[in-house]
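First residue of the sequence shown: 1045, per the numbering used here; consecutive thereafter.
Mixed in with the good hints, there may be bad ones.
Using C-beta positions, here's what the derived DEER-type ranges look like [what the hints assert, rightly or not]:
(1) H1185 x G1062: 31 to 41 Å
(2) G1105 x Q1067: 34 to 44 Å
(3) A1078 x E1117: 44 to 54 Å
(4) A1095 x W1252: 15 to 25 Å
(5) D1191 x G1105: 16 to 26 Å
(6) G1062 x K1168: 33 to 43 Å
(7) H1185 x E1117: 10 to 20 Å
(8) G1184 x N1058: 12 to 22 Å
(9) V1123 x K1195: 17 to 27 Å
(10) Q1248 x T1074: 15 to 25 Å
(11) N1251 x Y1167: 13 to 23 Å
With a straight-line Cα cutoff of 25 Å, these simulated PhoX-like cross-link-like pairs (lysine-lysine) come out [stated by the list, open to error]:
(12) K1250 x K1168
(13) K1256 x K1114
(14) K1212 x K1195
(15) K1212 x K1250
(16) K1212 x K1168
Hints listed in this document are in silico derivations from the structure and should not be mistaken for laboratory results.
Even for Gly, the Cβ is constructed at its ideal location relative to N, Cα and C.
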Amino acid sequence: MLSAFDTQWNQDLNAVWGVGSAQFTFTPNTTAPAAGAWWVVFLDNSDQANALAYHDLTNEGLPISKVFVKTIEADHASVSVGATHEICEMAVDPWLNGAYQDAQGSFWAGEVCDPVEDEQYGYKINGILVTDFVTPNWFGHEFAQGDIDFKQHATSAFQVLTGGYAQKFDPNQGWVQITGAKAMQTTRGKIAVRGSRRERRTRQWKNWQPSKHRFVG
């Protein structure tokens, strides 16, 4: 999957969002990652993340993404789509503080894969299925010109497709989840699990903890 991760970040996502370049390297959990690296950690579920002390940031205080493999498989979904979902969102909004205001005054979380997350919208890179993602026009004015998402499934700004969801902050209600049809049938659609981007966004930065995982060979 690493080559697909590299290609999507460096070619597709960078062309749309200007995220710069990245190189993915596999590191076993007994070996410390290179200094300055952002982490994508593959775990069974959020319980394992807590047990192994993978918290909200790397041990250097840098961005971290978690892929809960058994949770994804329980939904009969694609692990590669789930992984690239987390990677794309970390690339565009690494500190989970991006938000965009709509015409009604609500602020939508800058999560670029949630609205189009269902794997029916994904595409293949070298045979590996990866996630679709929205463009800046998804967060734009109703008369903005250009594609709404990379694979051209959405047709209007702030549109949540079937199987997708989004978060918006309403000044009167706080964080509200908007779901497309079928989203609530999945574990990921129903629950913001501890350590997920959705859950971390609702907590203040002062409550984030760096990883204390011990890399023991």
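Here's how the hints hold up against the structure:
1. H1185 x G1062: 31 to 41 Å: violated, 20 Å
2. G1105 x Q1067: 34 to 44 Å: violated, 21 Å
3. A1078 x E1117: 44 to 54 Å: Roughly 29 Å apart at Cβ, these two residues miss the hinted range, so it is violated.
4. A1095 x W1252: 15 to 25 Å: Taking Cβ atoms as reference, A1095 and W1252 lie about 18 Å apart, which means the hint holds.
5. D1191 x G1105: 16 to 26 Å: 35 Å Cβ-Cβ, so the 16 to 26 Å window is violated.
6. G1062 x K1168: 33 to 43 Å: violated, 24 Å
7. H1185 x E1117: 10 to 20 Å: Given range 10 to 20 Å: violated, Cβ gap about 40 Å.
8. G1184 x N1058: 12 to 22 Å: At 19 Å between Cβs, range holds.
9. V1123 x K1195: 17 to 27 Å: holds, 20 Å
10. Q1248 x T1074: 15 to 25 Å: violated, 33 Å
11. N1251 x Y1167: 13 to 23 Å: Given range 13 to 23 Å: violated, Cβ gap about 37 Å.
12. K1250 x K1168: Distance ~39 Å between K1250 and K1168 Cα, so the pair is violated.
13. K1256 x K1114: With Cα atoms ~23 Å apart, K1256 and K1114 stay inside 25 Å; holds.
14. K1212 x K1195: The hint holds at about 23 Å.
15. K1212 x K1250: The given pair, whose Cα atoms are some 21 Å apart, holds under the 25 Å limit.
16. K1212 x K1168: Violated, at roughly 30 Å.
Hints 1, 2, 3, 5, 6, 7, 10, 11, 12, 16, counting from the list given before, are not met by this structure.
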